[in-house]
Amino acid sequence: MTMKGLKLAVTLVVLGASFYSAKADAQNFQNPNQLAAQVSPLLEKPQIRDSQLKPANTSGNSSSVETQLSQGYDLLKKDDYKGAIEAFNKVLQTERNNEIATYAYFGRAIAYLSTDKYEAAKSDFDQVIALDAKFAHAYFFRAASQYKLGDKEAAVLDLNQAVNLFKAQGEPELAKKAQDMIKNIQTS
Numbered sequence: 004m005t006m007k008g009l010k011l012a013v014t015l016v017v018l019g020a021s022f023y024s025a026k027a028d029a030q031n032f033q034n035p036n037q038l039a040a041q042v043s044p045l046l047e048k049p050q051i052r053d054s055q056l057k058p059a060n061t062s063g064n065s066s067s068v069e070t071q072l073s074q075g076y077d078l079l080k081k082d083d084y085k086g087a088i089e090a091f092n093k094v095l096q097t098e099r100n101n102e103i104a105t106y107a108y109f110g111r112a113i114a115y116l117s118t119d120k121y122e123a124a125k126s127d128f129d130q131v132i133a134l135d136a137k138f139a140h141a142y143f144f145r146a147a148s149q150y151k152l153g154d155k156e157a158a159v160l161d162l163n164q165a166v167n168l169f170k171a172q173g174e175p176e177l178a179k180k181a182q183d184m185i186k187n188i189q190t191s
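Per the working numbering, residue 4 is the first one in the sequence shown, and the count goes up by one each step.
What the hints contain is simulated information worked out from the structure, not anything from laboratory work. One should not assume that every hint holds.
Stated by the list, open to error - 20 Å max Cα-Cα, derived DMTMM-like pairs, lysine to aspartate or glutamate:
(1) Lys-155 to Glu-122
(2) Lys-151 to Glu-176
(3) Lys-151 to Asp-135
(4) Lys-170 to Asp-183
(5) Lys-93 to Asp-83
(6) Lys-137 to Glu-174
(7) Lys-85 to Asp-119
(8) Lys-151 to Asp-129
(9) Lys-137 to Asp-83
(10) Lys-81 to Asp-135
(11) Lys-80 to Asp-119
(12) Lys-151 to Asp-183
(13) Lys-155 to Asp-119
(14) Lys-155 to Asp-183
(15) Lys-186 to Glu-176
(16) Lys-186 to Asp-154
(17) Lys-155 to Asp-129
(18) Lys-179 to Glu-156
(19) Lys-93 to Asp-82
(20) Lys-120 to Glu-176
(21) Lys-151 to Asp-119
(22) Lys-120 to Glu-89
(23) Lys-186 to Glu-156
(24) Lys-170 to Asp-119
(25) Lys-120 to Glu-174
(26) Lys-120 to Asp-82
(27) Lys-85 to Glu-122
(28) Lys-151 to Glu-122
Note that the coordinates shown come from a computational prediction; the quantities given were computed from them, not determined experimentally.
Kindly produce the complete structure, drawing on both the sequences and the hints.
What follows is the structure, given as structure tokens:
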């Protein structure tokens with residue numbers, strides 16, 4: 004599967020059409036648990052189908068890895084963050100520098116963000132971005148970690164990058180939401 008196809012799958016998983024209300028935008032960065040909780044209902048198993056997760060460069064045990072990745076996202080959906088982290092850790096024992104690893108790091112970062120482990124979340128979002136510099140959602144959520152760690156400037160930089168990527172990827176609504184978050188940070 005191509006990176007483009009896998010990105011599309013995760014886009015559907017993570018954000019769907021829209022997961023913010025304009026009224027809640029400012030509160031979301033102040034409470035990343037709410038931010039991540041809004042992601043949870045969007046982590047539906049149909050978007051993590053085996054047919055969507057068949058990258059060429061796996062360790063050879065792709066069925067088991069795909070099952071673990073799918074389980075991790077299922078556990079995120081159920082707010083079982085500890086279980087999700089364990090599932091993503093298992094994936095990352097064999098997958099380090101490929102598409103599957105990108106989404107395992109992303110899922111684990113969301114779980115860390117949901118449990119107030121902002122440094123760990125930031126570190127995993129850093130890994131996602133190192134593996135795929137065009138992963139707009141990673142910049143968006145890393146901004147939440149940056150904000151909670153007290154680095155508003157870095158949060159704004161990440162959100163600006165998310166805006167640019169969302170626009171380039173034909174997601175103007177998501178770009179607008181990231182722009183709104185920038186305004187909220189700058190006025191907070």
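Cross-check of the supplied hints:
1. Lys-155 to Glu-122: 15 Å, holds
2. Lys-151 to Glu-176: This hinted pair is violated, its Cα atoms lying about 24 Å apart.
3. Lys-151 to Asp-135: The given pair, whose Cα atoms are some 24 Å apart, is violated under the 20 Å limit.
4. Lys-170 to Asp-183: 14 Å, holds
5. Lys-93 to Asp-83: Distance ~16 Å between Lys-93 and Asp-83 Cα, so the pair holds.
6. Lys-137 to Glu-174: 13 Å, holds
7. Lys-85 to Asp-119: Measuring from Cα to Cα gives roughly 12 Å; hence the hint holds.
8. Lys-151 to Asp-129: 16 Å, holds
9. Lys-137 to Asp-83: With a Cα-Cα distance of about 28 Å, the restraint between Lys-137 and Asp-83 is violated, given a limit of 20 Å.
10. Lys-81 to Asp-135: 27 Å, violated
11. Lys-80 to Asp-119: Answer holds: Lys-80 to Asp-119 is near 17 Å, not above 20 Å.
12. Lys-151 to Asp-183: 17 Å, holds
13. Lys-155 to Asp-119: Judged against 20 Å, a Cα distance of about 17 Å means the pair holds.
14. Lys-155 to Asp-183: 14 Å, holds
15. Lys-186 to Glu-176: Satisfied, since the Cα-Cα distance of roughly 15 Å is no more than 20 Å.
16. Lys-186 to Asp-154: 15 Å, holds
17. Lys-155 to Asp-129: Measuring from Cα to Cα gives roughly 17 Å; hence the hint holds.
18. Lys-179 to Glu-156: 19 Å, holds
19. Lys-93 to Asp-82: Answer holds: Lys-93 to Asp-82 is near 18 Å, not above 20 Å.
20. Lys-120 to Glu-176: 29 Å, violated
21. Lys-151 to Asp-119: 9 Å, holds
22. Lys-120 to Glu-89: 15 Å, holds
23. Lys-186 to Glu-156: The hint holds at about 12 Å.
24. Lys-170 to Asp-119: 29 Å, violated
25. Lys-120 to Glu-174: 29 Å, violated
26. Lys-120 to Asp-82: Distance of about 15 Å is within 20 Å: holds.
27. Lys-85 to Glu-122: Answer holds: Lys-85 to Glu-122 is near 16 Å, not above 20 Å.
28. Lys-151 to Glu-122: Judged against 20 Å, a Cα distance of about 9 Å means the pair holds.
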